[in-house]
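K.L.:
Sequence:
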Amino acid sequence: MPSPAGLLHHSDRGSQYASADYQRALADRGIQCSMSRRGNCWDTGVVESFFSTLKTELMHEQDFPTRESAKAALFEFIEVFYNRKRRHSSLGYVSPVEFEKAASQVPLAA
1 MPSPAGLLHH SDRGSQYASA DYQRALADRG IQCSMSRRGN CWDTGVVESF FSTLKTELMH
61 EQDFPTRESA KAALFEFIEV FYNRKRRHSS LGYVSPVEFE KAASQVPLAA
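Residue numbers for the sequence shown follow the UniProt record's numbering, so the first one is 1 and each next one is one higher.
A portion of the hints provided could be inaccurate.
What the hints assert, rightly or not - Straight-line distance between alpha carbons at most 30 Å, and here's what the computed DSBU-like set of lysine-lysine pairs gives: (1) K101 - K55; (2) K85 - K55; (3) K85 - K71; (4) K101 - K85; (5) K71 - K101; (6) K71 - K55.
No lab work stands behind these hints: they were computed from the structure.
Generate coordinates for the entire structure from the input sequences, incorporating the hints supplied.
P.N.:
Written as structure tokens, this is what we have:
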């Protein structure tokens with residue numbers, strides 16, 4: 001299966017991700033590798049938080065019979081629920097869509 005152009009795989013510096021075999025597998029598929037800075041856990045904090053939420057709220061004890069059903073569930077979770085309906089504490093308990101809408105209505109300083 002070909003990889004989408006410009007695909008970037010970001011990971012921490014775990015030995016499984018840094019291994020020559022893993023790096024070769026990425027390169028063979030045209031996937032660019034990116035790794036966090038050494039000793040800096042803040043590099044992946046936001047995405048780790050998202051995946052924790054995804055696993056807890058969607059994936060926990062869920063069984064997808066096909067790849068297509070998993071893709072549809074992920075799309076529904078991210079595009080319909082997570083971005084449009086789910087309230088985020090980091091955004092003052094509004095959804096990302098509501099936050100962006102409110103932010104776009106704030107006049108810019110001269």
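K.L.:
Does each hint hold? Answer for all of them.
P.N.:
Now the hints, each set against the structure:
For a cut-off of 30 Å, the pair hint linking K101 to K55 stands: about 28 Å separates their Cα positions. Taken as a hint, the K85 and K55 pair is honoured in the structure, with Cα atoms around 18 Å apart against an allowance of 30 Å. With a C-alpha separation of about 19 Å, the suggested pair K85 and K71 falls inside the 30 Å cut-off, and the hint holds. Taking the CA atoms of K101 and K85, the gap is near 13 Å; set against the 30 Å cutoff, the hint holds.
The straight-line distance between the Cα atoms of K71 and K101 is roughly 28 Å, inside the 30 Å bound, and the hint therefore holds. With a C-alpha separation of about 14 Å, the suggested pair K71 and K55 falls inside the 30 Å cut-off, and the hint holds.
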